[in-house]
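2 protein chains.
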Amino acid sequence: MASRAGARARHLGEPAGAPLAVFGCGLIGASAAAGWSAAGHEVWGADRRDLAPLVERGWIARQVPVEALAEAGAVLLALPVGGILGALRRVPFRAGQLVTDVGGVKAPVLGAARHLPVGVTFVGGHPLAGSAAGGYEAASPDLFRGARWALVGDEAGCAAVEPLLRDLGAESLRCAAEEHDRVVALTSHLPQLLATALAAELEARDEPLAAALLGPGGRDFLRLAASGWSVWRDVLEHNRGAVEQALEAVRGRAAAPPAALEEEFLAAQRFMRRLLQNST
Amino acid sequence: MASRAGARARHLGEPAGAPLAVFGCGLIGASAAAGWSAAGHEVWGADRRDLAPLVERGWIARQVPVEALAEAGAVLLALPVGGILGALRRVPFRAGQLVTDVGGVKAPVLGAARHLPVGVTFVGGHPLAGSAAGGYEAASPDLFRGARWALVGDEAGCAAVEPLLRDLGAESLRCAAEEHDRVVALTSHLPQLLATALAAELEARDEPLAAALLGPGGRDFLRLAASGWSVWRDVLEHNRGAVEQALEAVRGRAAAPPAALEEEFLAAQRFMRRLLQNST
Chain P
1 MASRAGARAR
11 HLGEPAGAPL
21 AVFGCGLIGA
31 SAAAGWSAAG
41 HEVWGADRRD
51 LAPLVERGWI
61 ARQVPVEALA
71 EAGAVLLALP
81 VGGILGALRR
91 VPFRAGQLVT
101 DVGGVKAPVL
111 GAARHLPVGV
121 TFVGGHPLAG
131 SAAGGYEAAS
141 PDLFRGARWA
151 LVGDEAGCAA
161 VEPLLRDLGA
171 ESLRCAAEEH
181 DRVVALTSHL
191 PQLLATALAA
201 ELEARDEPLA
211 AALLGPGGRD
221 FLRLAASGWS
231 VWRDVLEHNR
241 GAVEQALEAV
251 RGRAAAPPAA
261 LEEEFLAAQR
271 FMRRLLQNST
Chain Z
1 MASRAGARAR
11 HLGEPAGAPL
21 AVFGCGLIGA
31 SAAAGWSAAG
41 HEVWGADRRD
51 LAPLVERGWI
61 ARQVPVEALA
71 EAGAVLLALP
81 VGGILGALRR
91 VPFRAGQLVT
101 DVGGVKAPVL
111 GAARHLPVGV
121 TFVGGHPLAG
131 SAAGGYEAAS
141 PDLFRGARWA
151 LVGDEAGCAA
161 VEPLLRDLGA
171 ESLRCAAEEH
181 DRVVALTSHL
191 PQLLATALAA
201 ELEARDEPLA
211 AALLGPGGRD
221 FLRLAASGWS
231 VWRDVLEHNR
241 GAVEQALEAV
251 RGRAAAPPAA
261 LEEEFLAAQR
271 FMRRLLQNST
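Order-wise, the sequence lines are chains P and Z. Here the first sequence is numbered in the numbering used here, starting from 1 and rising by one per residue. Here the second sequence is numbered in the numbering used here, starting from 1 and rising by one per residue.
If you're looking for bench data, these hints aren't it; they were derived computationally from the structure. It should be emphasised that the depicted structure is a prediction, and the values quoted were computed from it without experimental measurement. Zero decoy hints are in this set.
Taking CB as the label site, the calculated pair distances span:
hint: 1; chain 1: Z; residue 1: R174; chain 2: P; residue 2: E262; range: 33 to 39 Å
hint: 2; chain 1: P; residue 1: N278; chain 2: Z; residue 2: E262; range: 32 to 38 Å
hint: 3; chain 1: P; residue 1: D50; chain 2: Z; residue 2: E262; range: 25 to 31 Å
hint: 4; chain 1: P; residue 1: A68; chain 2: Z; residue 2: Q245; range: 52 to 58 Å
hint: 5; chain 1: P; residue 1: L276; chain 2: Z; residue 2: R205; range: 16 to 22 Å
hint: 6; chain 1: P; residue 1: A132; chain 2: Z; residue 2: R240; range: 29 to 35 Å
hint: 7; chain 1: P; residue 1: R49; chain 2: Z; residue 2: A204; range: 42 to 48 Å
hint: 8; chain 1: P; residue 1: R274; chain 2: Z; residue 2: V118; range: 52 to 58 Å
hint: 9; chain 1: P; residue 1: E56; chain 2: Z; residue 2: E248; range: 50 to 56 Å
hint: 10; chain 1: Z; residue 1: H115; chain 2: P; residue 2: G135; range: 56 to 62 Å
hint: 11; chain 1: P; residue 1: G135; chain 2: Z; residue 2: D50; range: 52 to 58 Å
Far from chain P, by Cβ distances over 10 Å, these chain Z residues were calculated:
hint: 12; residue: A38
hint: 13; residue: G40
hint: 14; residue: R48
hint: 15; residue: R57
hint: 16; residue: A61
hint: 17; residue: R94
hint: 18; residue: A112
hint: 19; residue: L116
hint: 20; residue: D154
hint: 21; residue: E162
hint: 22; residue: P163
hint: 23; residue: R166
hint: 24; residue: D167
hint: 25; residue: A177
Stretch by stretch, here's where chain P covers chain Z in the computed footprint (C-beta under 8 Å, at least three residues):
hint: 26; stretch: 121 to 133
hint: 27; stretch: 180 to 189
hint: 28; stretch: 198 to 208
Cβ atoms here follow ideal geometry from the backbone N, Cα and C, with glycine treated the same way.
Bound conformation, chain P alone (with noise of 0.2 Å):
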């Protein structure tokens, strides 16, 4: 395990058996400790809660409290987006280190880490992964296996982070923040915001027969609305723009008057085509 984890530390230009911090072990932080311990590093978390359960789990080595992380040779900040942007800020960060994150919209963090001292590489991520359950009781080591996560820096910086990521089963993509925030715009913002709002509206009804009369489809289109606030506060006011703007595009094509409407389901039947051909 030890010379696992030295090998691994070298690759982020650090030396051998520099440990992996993890700061904020919910769903998405703990299930990368659990992950990342499972392939042979030395991970270290640092949380508000009490992460003695993780520890016995030997998902993570030891918990650390904030200020140590600067000790580490990378840092996952696995918080929602304000606490990323707080993080970055406030957390001690050091030259040589490597410092990435998984919030859902990534300019404004890339904004924030302009600031970090020189010599700390900083590279923004978000895995496409996740679960309406948040904390550390619904994390798994498998929770990105398979998953894209996509990486937003530069070449040496994403070529550090890109190990990691294998290691954690997930495929790496590279994008530049401007076009990674205006395609979740339409990929993930909105389809939380109109899970949630049919959700909502349902409740409002309170019509006795919505759940019996809930098809396989239309549970589908629900699933993300069990998804909590604490994380989408953040996400939906640091993209609001872009989601405002998909959100009146897709109304405008929903509201269309049947005789345009057929042009709708035909565009939408190419992209879903071109999806499944894509997933296989």
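Use these hints to put chain Z onto chain P, whose structure you have.
Using the frame of chain P, we list chain Z on its own:
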């Protein structure tokens, strides 16, 4: 087989051995035919397409012309809503027959059924099952296993249809036409419309990373967008008022300012918790 079919037919007030006929042998009709044949019924199929492949599979006993539907004990109209309305006007149903349908909107169908000859029992039906793929190629005798199947009709009519639904493994749910249409505007028609509109927007934007940046939640949200226009044209046309009202309500909630969005997330999570409790 013949004796089981006879026993079933007597549920419908028909002479022993009177066959079931399925008008429209696409995904839904062929799946019902397959399930009923497997349960021992004699099933006839009527369709513009050649149904020889269904005879070969043993899913129907034979293909019959539309005129022969009058000789069946019970007839399932498994067509798009426009086709159901046309069949109710044009097929020469006769007293003693049980006629039911699978249309996704019920008030217009029940309205048209009022003009059936005296002695024809009509029960509106709507199976909460399906697949984006259409045609009998995608059919399965198990499509309805565990699915709910809404029924709109009087006590005797519903009681006559229910044994047939049990033969398919479906669970009947009696409701009123107006209640059904109001609820499915939210649980089925609006999800279809929004998934289609989002996929059409993604197709129009032509973002190279759209497929790569679709996580599991976004993919589930979009799944309905593969559905074809031919079925949905009629449903959306005939339930247009309720769907437009649902669209504006959901859009209003989604466009709420951040301070109000927290309430939407909390209400949505309450609905999803109740939904999960109902499912188990």
